[in-house]
Amino acid sequence: MQKPTDELLVAFLDGELDEAQRTEIAAWLDQDAEMRDLAGKLSESASLLRAAFDDVEHEPLPARLIAAARGTTAGALATETSNVVAFAPRSRFKTIITDKRWWMGVATAAAVTGLVIGGGVGYFANNEPAKIAAVKQQLQQAQSNVALASGNWLDNIAGYHKMFVTAGSDDSGLVDVPGDDGQDTRKATQKLPSDIRLPNLKPWDLSYQGGRRLIVEGRPAMQLYYTTGNKQLGPLTLVIGSSNRPDSNATLDHRDDVNVIYWRHQGHSFAIVGTADIGYLWNLYKDIAYQLNNI
Amino acid sequence: MSTTAFSDQLIALLPRLRRFARGLAGSAVEADDLVQAACERALARSHQFQEGTRFDSWMFRIVQTIWIDLIRSRNVRQEEAESEGDRIGTDEPVRRTEARIALKEVMVAMADLPVEQRTALLLVTVDGMSYKEAAEVADVPVGTIMSRLARARVALQARLEAGGLRRSRDDAEANR
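Quick note, the sequences are listed as chains A and B, same order.
So in this note's numbering, spot 65 of the first sequence is number 65, and the numbers just go up one at a time.
Start counting at 1 in the second sequence, then tack on 295, and there's your number in this note's numbering.
Keep in mind that a hint or two might mislead.
As the list claims (entries may be wrong) - Here are the simulated EDC-like cross-link-like pairs (lysine to aspartate or glutamate), alpha carbons at most 20 Å apart as the crow flies:
#, chain 1, residue 1, chain 2, residue 2
1, B, K399, A, E59
2, A, K231, A, E59
3, A, K41, B, E400
To be verified - Here are a few chain A residues that sit away from chain B, every Cβ distance over 12 Å (derived from the structure):
#, residue
4, S248
5, Q266
6, Q291
Stated by the list, open to error - Which residues of chain B face chain A? A few of them, derived with a C-beta cut under 8 Å, are:
#, residue
7, C334
8, R340
9, R349
10, M402
11, Y426
12, L444
By construction, these hints were calculated from the structure, which means they are not laboratory data.
Please read these numbers as outputs of a predicted model, since none were measured by experiment.
Just so you know, even glycine gets a beta-carbon here, dropped at the ideal spot from N, CA and C.
Model the full structure from these sequences, guided by the hints.
Structure (structure tokens):
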């Protein structure tokens, strides 16, 4: 056999040759020190080349490119507005669902309506009609909660994120599961269905501050509030819950100045909510998605 | 594919497209301009994308086509090749470590290669495509990719080695 060409040697290093060709090149490398030296240098330069471009893939994505991919402009993306539904006081929601295993008793948001309607009938049977208006109001509020917990959940979590940021995690009215010192997210995890695992966000310098329970697409979920010393990332909330819907790709959405990335993965729904640059949030999503694939 | 699904795929691909474009264009700003133009063209021609074919190959091809069109329209290929080495790194903070310097040298050395060889390197060596996939993107036979890649790898190696020798000589002179 003639001495292998550079083409064959490079193809050998790239794993592009068939078995017979690989054997021949390997035999040449065994007997030719000069070729071995060249092969080593070519491999080294290829590694350097990959390393040189490695950072680019991990850089935050510029907003203008996200906007271009969405068929809009960065300015339009930034100012794109959508209503953030005012979040109903959590205490009222709590009066309806008090069981610790709350998702067991309330499989769907519609069931909440059923509970209230049932309560209303009993009320009518035992009290004077003058209280009808009050019961109607209660029913309307419950229905509003149902709407928040299903169709408008993006508005809900974006609105709640803003309340978290404004009020902080010390507001006991906002937090179901406080972020006690040393407890980290363990307590929050205990409130979730057993098959849910939380991603590790410590490498992002994100510190868990507290969380609340909610319903996403009719299923139990938690919204976890994190803060960080990284001003570019800023405080953010992570929503994680169970889902009986098919997997879906990450989707970017906006509610006023709040960015939301949401997706479904293997029976779970997720959302990242924050006012950080879209590129940062997108990179965080990629890291979480990577972790979830390895959990 | 719905517009939203199309955009989702596009966004997921952006890091790879940016890396490819950075290798072609050299500067970060020009690379992002290139990717932005590719996104706009892809959205405008989304109806031309055939379901069942590889979306990433289709997008890489668009980036490459726009870049080649740009070079031709400017008719400054030689000028671009000469000046690219200077432009690379101007968007980045000053690199202080030796490792960074080495990586920068690689990028500078690659920028000296003809665009066809650079494309082959970026698709196969950097992005990890097979020869067949790279050939589809570049719209050339597999054998052409193979020869371009071999020439590129050997030339890159020679440039790096020459750079290392030059640096050693400079260091020696500086220490006299």
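Cut-off 8 Å, beta-carbon criterion: hint that B/R340 touches chain A: Where the cut-off is 8 Å and the nearest Cβ of chain A is about 12 Å from B/R340, the hint is violated.
Closest CB-CB distance from A/S248 to chain B, is it above 12 Å? 9 Å, violated
Quick check on the hint: B/L444 CB to chain A CB, less than 8 Å? Since the shortest Cβ distance to chain A is 6 Å, the answer is holds.
Regarding the pair A/K231 and A/E59, is the alpha-carbon distance no greater than 20 Å? 17 Å, holds
Find the nearest Cβ of chain B to the Cβ of A/Q266 and say whether that gap is larger than 12 Å. 17 Å, holds
Compare the distance between the alpha carbons of A/K41 and B/E400 with 20 Å, and conclude whether the hinted pair is satisfied. 15 Å, holds
Quick one, are B/K399 and A/E59 close enough, alpha carbons at most 20 Å? 17 Å, holds
Is the claim that A/Q291 lies outside the interface with chain B correct, judged by CB distances over 12 Å? 17 Å, holds
Hold the hint about B/C334 up to the distance rule: shortest CB distance to chain A must be less than 8 Å. Since chain A brings a Cβ to about 4 Å from B/C334, closer than 8 Å, the hint holds.
Holds or violated: the hint that B/M402 contacts chain A, with Cβ atoms closer than 8 Å. 5 Å, holds
If you take the shortest Cβ to Cβ gap from B/R349 to chain A, is it below 8 Å? At 16 Å from the nearest chain A Cβ, B/R349 fails the 8 Å test, so the hint is violated.
Holds or violated: is the Cβ of B/Y426 closer than 8 Å to a Cβ in chain A? Constraint on B/Y426 satisfied, holds at 5 Å.
Taken one by one, the earlier hints fail for this structure at numbers 4, 8, 9, listed in ascending order.
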